[in-house]
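Student: Sequence:
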Amino acid sequence: MTLGCLLLAACGAAVGVGGPGSDSLAKVTVKKASPATVRSATLAVFGEQGFSLLSEGHRSLTFEKQGGRSAEITWKTVGNSNPVMIRPTVAWTHVGADQICLTCNVEVAQESTAYGETVRQPMLVGKSAYS
Numbered sequence: 014m015t016l017g018c019l020l021l022a023a024c025g026a027a028v029g030v031g032g033p034g035s036d037s038l039a040k041v042t043v044k045k046a047s048p049a050t051v052r053s054a055t056l057a058v059f060g061e062q063g064f065s066l067l068s069e070g071h072r073s074l075t076f077e078k079q080g081g082r083s084a085e086i087t088w089k090t091v092g093n094s095n096p097v098m099i100r101p102t103v104a105w106t107h108v109g110a111d112q113i114c115l116t117c118n119v120e121v122a123q124e125s126t127a128y129g130e131t132v133r134q135p136m137l138v139g140k141s142a143y144s
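For the record, in the sequence shown the residue sitting at position 20 is 33 according to the numbering used here, with numbers rising by one throughout.
Wrong hints could be hidden among the right ones.
Across the chosen pairs, the derived CB separations fall in these ranges [what the hints assert, rightly or not]:
(1) GLU69 to SER125: 40 to 50 Å
(2) SER125 to LYS45: 25 to 35 Å
(3) CYS114 to SER94: 16 to 26 Å
(4) VAL91 to ARG52: 32 to 42 Å
(5) THR90 to GLU69: 49 to 59 Å
(6) GLN79 to ASP111: 19 to 29 Å
(7) THR87 to GLY63: 17 to 27 Å
(8) ASP111 to SER83: 17 to 27 Å
(9) ASN95 to LEU66: 18 to 28 Å
(10) SER65 to HIS107: 21 to 31 Å
Derived from the structure by calculation, the hints contain no laboratory data. This structure is a prediction, so every number in the text was calculated from the model and none was measured. Even for Gly, the Cβ is constructed at its ideal location relative to N, Cα and C.
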């Protein structure tokens with residue numbers, strides 16, 4: 014569970030924790046963990062934080078939960094009464110014989126009242142995705 018807690022904390026933090034040149038919001042490498050263990054820990058930790066599983070890929074999990082007040086203030090589109098949703102995606106790959114690298118990216122989405130489509134906005138530096 015420590016693995017999941019570390020990833021969740023990093024994923025929910027302000028943008029930029031991935032470091033300069035990083036292509037993801039958060040990244041952690043774990044040793045001696047199987048993909049099944051990584052998947053199980055990720056499901057447990059995000060579930061405990063109120064996220065629902067939105068989709069599952071071969072080596073990725075995408076979750077969703079309604080954003081808090083700060084997400085509403087920061088990301089809500091004027092005139093759109095639909096809630097702002099936070100969607101973290103956790104993906105993992107083998108990087109060595111006994112190492113797995115986990116990355117987490119977060120997107121913010123809001124259904125459009127005019128077109129019925131989901132509007133995804135990239136995270137801006139200094140803004141938190143969920144709180």
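Student: Looking back at the numbered hints, which does the structure fail to meet, lowest number first?
Tutor: 1, 2, 3, 5, 6, 8
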